[in-house]
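4 protein chains.
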Amino acid sequence: MSTAFDRLPQVRFAGPDSTDPFALRHYDANCQVLGRSMADWLRPAVAYWHSFVGNGGDPFGAPTLERPWFAAADPMEGARMKADAAFAFMERLGLPFFCFHDRDVAPEGATLRESNDRLDRMLEVVQAHMQRSGIRLLWGTANLFSHPRYMAGAATNPDPEVFAFAAGQVKHVLEATHRLGGENYVLWGGREGYDTLLNTDLAREDAQLGRFLKLVVEHKHRIGFRGTILIEPKPMEPTKHQYDRDVATVYGFLARHGLLGEVKVNIEANHATLAGHSFEHEIATAAALGILGSLDMNRGDPQNGWDTDQFPNNAQDLSLAMLEVLRAGGLGTGGINFDAKIRRQSIDPEDLLQAHLGGLDCCAQALLIAARILQDGTLDRLRAERYAGWEGATGKAILAGEMDLAALAARAEAAGAGPAPRSGRQEALERLAARFA
Amino acid sequence: MSTAFDRLPQVRFAGPDSTDPFALRHYDANCQVLGRSMADWLRPAVAYWHSFVGNGGDPFGAPTLERPWFAAADPMEGARMKADAAFAFMERLGLPFFCFHDRDVAPEGATLRESNDRLDRMLEVVQAHMQRSGIRLLWGTANLFSHPRYMAGAATNPDPEVFAFAAGQVKHVLEATHRLGGENYVLWGGREGYDTLLNTDLAREDAQLGRFLKLVVEHKHRIGFRGTILIEPKPMEPTKHQYDRDVATVYGFLARHGLLGEVKVNIEANHATLAGHSFEHEIATAAALGILGSLDMNRGDPQNGWDTDQFPNNAQDLSLAMLEVLRAGGLGTGGINFDAKIRRQSIDPEDLLQAHLGGLDCCAQALLIAARILQDGTLDRLRAERYAGWEGATGKAILAGEMDLAALAARAEAAGAGPAPRSGRQEALERLAARFA
Amino acid sequence: MSTAFDRLPQVRFAGPDSTDPFALRHYDANCQVLGRSMADWLRPAVAYWHSFVGNGGDPFGAPTLERPWFAAADPMEGARMKADAAFAFMERLGLPFFCFHDRDVAPEGATLRESNDRLDRMLEVVQAHMQRSGIRLLWGTANLFSHPRYMAGAATNPDPEVFAFAAGQVKHVLEATHRLGGENYVLWGGREGYDTLLNTDLAREDAQLGRFLKLVVEHKHRIGFRGTILIEPKPMEPTKHQYDRDVATVYGFLARHGLLGEVKVNIEANHATLAGHSFEHEIATAAALGILGSLDMNRGDPQNGWDTDQFPNNAQDLSLAMLEVLRAGGLGTGGINFDAKIRRQSIDPEDLLQAHLGGLDCCAQALLIAARILQDGTLDRLRAERYAGWEGATGKAILAGEMDLAALAARAEAAGAGPAPRSGRQEALERLAARFA
Amino acid sequence: MSTAFDRLPQVRFAGPDSTDPFALRHYDANCQVLGRSMADWLRPAVAYWHSFVGNGGDPFGAPTLERPWFAAADPMEGARMKADAAFAFMERLGLPFFCFHDRDVAPEGATLRESNDRLDRMLEVVQAHMQRSGIRLLWGTANLFSHPRYMAGAATNPDPEVFAFAAGQVKHVLEATHRLGGENYVLWGGREGYDTLLNTDLAREDAQLGRFLKLVVEHKHRIGFRGTILIEPKPMEPTKHQYDRDVATVYGFLARHGLLGEVKVNIEANHATLAGHSFEHEIATAAALGILGSLDMNRGDPQNGWDTDQFPNNAQDLSLAMLEVLRAGGLGTGGINFDAKIRRQSIDPEDLLQAHLGGLDCCAQALLIAARILQDGTLDRLRAERYAGWEGATGKAILAGEMDLAALAARAEAAGAGPAPRSGRQEALERLAARFA
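Residue numbers (the numbering used here), protein chains in the order written: chain A, 266 to 702; chain B, 266 to 702; chain C, 266 to 702; chain D, 266 to 702.
I should point out that these hints are in silico values taken from the structure, not numbers from a laboratory.
Remember, predicted model here, so these are calculated numbers, not experimental data.
Check before you lean on any hint, since a few could be wrong.
Because identical chains share one entry, a pair is satisfied inside a single copy or across any pair of copies.
As the list claims (entries may be wrong) - Here are the simulated lysine to aspartate or glutamate pairs, EDC-like style, with alpha carbons at most 16 Å apart:
hint, residue 1, residue 2
1, Lys661, Asp385
2, Lys479, Glu527
3, Lys479, Asp669
4, Lys479, Glu379
Full structure from sequences and hints, please.
Here is the structure:
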């Protein structure tokens, strides 16, 4: 049986100078970088959703991608064909992880029970593939946004029965993720937001969302799942305004609902830029706030205002994000999920592979650049020197709360003309960082 | 002595049909709206900064506004002329409040002590005008962004001596605000952010900023200031990325540093839209989170990406913001500060008055529209009906934590096909709200 | 047979004070405005596409709208049900016009010939409805963007056979539009652009697009169609970059290909704002350049960066666009097509009606505001006075080419300090315009 | 006398592996690239404006950069000090070109005549430096935007006396540019636009702008200037909406006023992105339309919405722009002007040099990447193959106008199911292009 990807070759690492289009040029899983293998730093994953469910349709056009499983008469048979093809593709590509939503793997049934049954049956197929191939589950998640029942939100729905339905769905997928050895469980609240404030009660929906997340955390502990619970921020789309806007917003939400220490963030590059942040800003913020969990790797189009989810291809850009990952000591149970999709015109099976090869090489290059920056040490040394005053007596006393406003004012008054400004050296630092690209 | 505004007439309310360009058509201070006077709801204020210091310069062009005090040989004499003119203008306009930064009122001196002395001397002039005119101080603030010493931040500066200088400046202005009977004290962290992550340590700067705010709150209590401490969010400009990005970000910051209950937000319309939010979103969010403090009234240009600070002039748009203010029960010690500036080409003294008349009438109309929406009651009734399920037994049990994930899953499994979606009725509600405009 | 809209009442005009949700409050077809009826100024139309084909699906979710014709086993039977329902809706609403794409009306067949046959058969049904109801066709258009064959463009496709296919499709729809008495024919080049410059030859695609449009114009004359050929600009989406970006870009294209005088523009509000323009800017620009044709009425979300196609609901905003329409003397053969869609959650049949009522009343109010501005005359008088110098001898001599650079320089040198700036009076004019809202 | 830059070393090329911060790593003026020297391809220039007049001020803060000439008591003496320092800097940097506005070089006088005299005197100083150093003038331009007289535009001012003043200024600078051997003359219409449509007559201002440009072109021919007249597009800022929005808009303007063949464009990267285009799009568009003139090199901040004018530092990004330059055969009389400014915190003299070194190396790397892409040939071959059909008989017949709509329709009808779509291969091409970075 054709899996659409049968003719694709097995991918291998061939070095930077290779011109073989099917070889990796920079991603060498076992290459040691700052004491860890590249695979350990990146923990890269294929996204079941975009790669095997995406069909090339967009709001203005019909599907363009032809995959045998789309045409299957029986949806469960289609799901099986899809799983076979997915693992065929993933094995050729050779990444250690994958990620899935429940509805990627098995079609929704008429009832929650039927949906759960279908999922369980298909996950047996998936599990067999996992055992055979050694490919592991980075994270699982429940799709709480595609079905019309969720059109006004899942946890934040005005109807508590929808909340209950979502709870049932998450319970099932969380347990399945646990069963499959998943290392994280992700919640993306695509419909947890509003289309118009006119029909929306923000305080009420916030309480609902907090309660929902607490239920998930409690259940995680109950079943002994030791992976990480992750929220994936996004500012908008499909809603006008989503509640999990960005890392700082999620932090405030977790603090409000007593969930710090229990939940981290899965940061997506394109969601970061839609929210008006650079990817590296969101990573650095999460690291500073202690909630850095995992990454969804892709990029937006700097001239378009929606979620284009393109594969990354500029290693120098990405090196600034990787630098924050390295500084944070890596991603822990997290990894780098290629939450990216091929363009609507990329209709050849080879296109999906080229996209992943390009994205993977880009991440590897970015990692290498970031490692060179750290190994050189100049950038971090200059940064530390900039704040050197805070390591002195006054700086420490201020931060320790040993000087009140009056004491500080007295010091400033005694200082006369005040401190002289010092150069921020931005261009020199940018040039320095570029040197390692 | 000419104050530039001597020829402007005294403004009066003349009703919606008036064609007198110097009359107010909608703002009638004593008009009763939902049990309170219009003036009590809006508590409008003139911004000393934009109105009397702004000179029409922009990044591409020289000043265009000629005010006698700009040309004064002695800066303190100029400051006096400016104060006289400001109160002449404000008395003609007839608003109850004004707001100022220290550097608006008096020129910076060579040392902090000289700056403070100058400020004190000028505030005596201001205080005399206040007593004579009855115009009160809505809030004071220290300018921690214009001087080169603050180019890399005030509280978040890499140099602790700059932190100390800022502390000394804030201490002085906070005390002055207290002395003048100010009802709030505002902190806008225009330079508390970064231009490049390459030279920035986010965690360290967050600790500095938290410490600074705690010092201010402690000092407030020490001196017995009973007004509200307010943070004014802005996402960017002048920095690439400001820490006090939006209401949700400030909430997280306050939670992290144990400052909830002590500090609220001063929300600016143009800052909201620069951050990707509607003005009403930010107000509703602050109200839901319990940190709604005051408003900076203006608008951005929907096609331009910087802080244009224009006067509002679309009452229907603004009515959605006013609706949130009314629902929140008003602004407490806060008010509506016209943090708006005339365009560079608006060089006639009359232009400043027309701008304020237009802005004030727009706010008054928006208030009246919002009041009509609430009095009609349909909108809020439909919203409440939408969430009615949460007032039922299941809804209450869920929020009370009486159902765990397993119980909810069991309920959803028993429910068969699941709940039917119900219309969000967005267009009907938009049409309903528009009916009152 | 149910048409989904059977239970909706017949809409009537009931005046501004009506609280009947099914009554129009401002749109009174026969109301005289500046010497023409409201219906004649606006020439409003229902969009077959959004209203009867849209199903509530979005990139993150399944369809939510249930219409009987979506479920029809036979697609031609579904098309018939849809046509019946569409005219049932349109007759209840009472607008004089509608607009369609070929694929809205009849399903695509396996070949161009079959598609054309299907369209012809369905257009007989439509024509019968038109004759019975008196509803006329504002414009027709061919869908050259949904089918995979057009994924890389229609006229600008790298494959000339796709160009030929598109030509065949347009020929057929243009003739059908002519047959049905359509007053315009529109071309929207949704896929005429690129996703990446890497595979794109701009000069070549420009030549193709120019050739295509010339063929359409030639054919129009050949068949005696006397309506207007219109291009609808849009900057992006679905492509990264569309060639017909905005009015000015289309003007340049028409000039380059010798098509000025033959082709005008159909301006959409949301496309204007996506391109970084206000709607009124695009209308005023088209009027100034002599290519104002027709309007697609909707609005975008000011905080979201994609084509939300919402119904307009702020009459004051829209009055500035209507002012440009009035100044231009109206839209000629054009009209106002509600190219707007209800939100995904608006699943009740009534929602579609409320949306149109709101949009229609908004346009009517905007028209009335604009008419009051013109009747008052102050705004236009002040504008004319601002340019009065150009009506003097020097101004006329300059524009007539009677003064060269040297003569002008001599004049400026003789003028000493140069002309004094005069106030642009922006805030006063904004306040003036707001007075009529 | 100190020139602020005396302590900076002479810059030299030291190769990619150099760690000397004052050495160039990629820009080697004489390095041969595709048959031309790097210097000949890039023709790089220093911008007098940003580099020697910029003072670090921004809308929220005072100047931060201290240059001796800012403090000069006599403005002409300051201008002389500035010129000395500028050439000292430029000689250390070693670029072949510079660019200036009249007001960069000499201070405005009380009258046009005095301003012209001052300029002439200062240009003698400049010319001496040019002769001594061998540094040439890439282009000159007149500042028609900073002075209040131009607040409502220069050519598009409502007062014809302002038009005359601008004409006088341009005449003088055009002649000076000719005298100094300048290779181009640039017009940037920063104030040629509007702040509000309410006071603006678009058609009238378009006629004025067209007339102005014609006068400039006539005068150019009269004085025998053989350089190129360039318009620099920008969409907004300082105005709400500028007329010379982007390349396509300028093309339309030139066509309308009969100026094609006489005027080209100077494309700025940050202006391109503000207008919603990639830099490479604008270059490719100008090349396709035959109006590619010169480049202003910088970059915007992808998360900020104003003109940040930063130095470029991502060679892979820039390589796509350079690819279009190479394909166009170079820039003719144009070059690459670093219209970029150091950040406000970059207060050390060294910062200005580091910024230029980084920018220059980035351009050189981008050129080398683009050259490798072209030498490899795969990308252009794949692109050509994509359009191969248009080189066949049908394609040629279509473009030659030999097939009308009916003939094409007949062909499409005969073709049955129509052409099959072919992959656009975007990800593979992106990966291919990235290989050369």
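Here is how each hint holds up against the structure:
Taking the shortest alpha-carbon separations for Lys661 and Asp385, neither the intra-copy value of 57 Å nor the inter-copy value of 32 Å comes in at or below 16 Å. In this homomeric assembly, Lys479 and Glu527 come within 16 Å of each other (Cα to Cα) only inside a single copy, at 9 Å, whereas the closest approach across copies is 27 Å. In this homomeric assembly, Lys479 and Asp669 come within 16 Å of each other (Cα to Cα) only across copies, at 9 Å, whereas the closest approach inside a single copy is 39 Å. Proximity of Lys479 and Glu379 under a CA criterion of 16 Å is satisfied in neither setting, with 26 Å inside one chain copy and 55 Å between copies.
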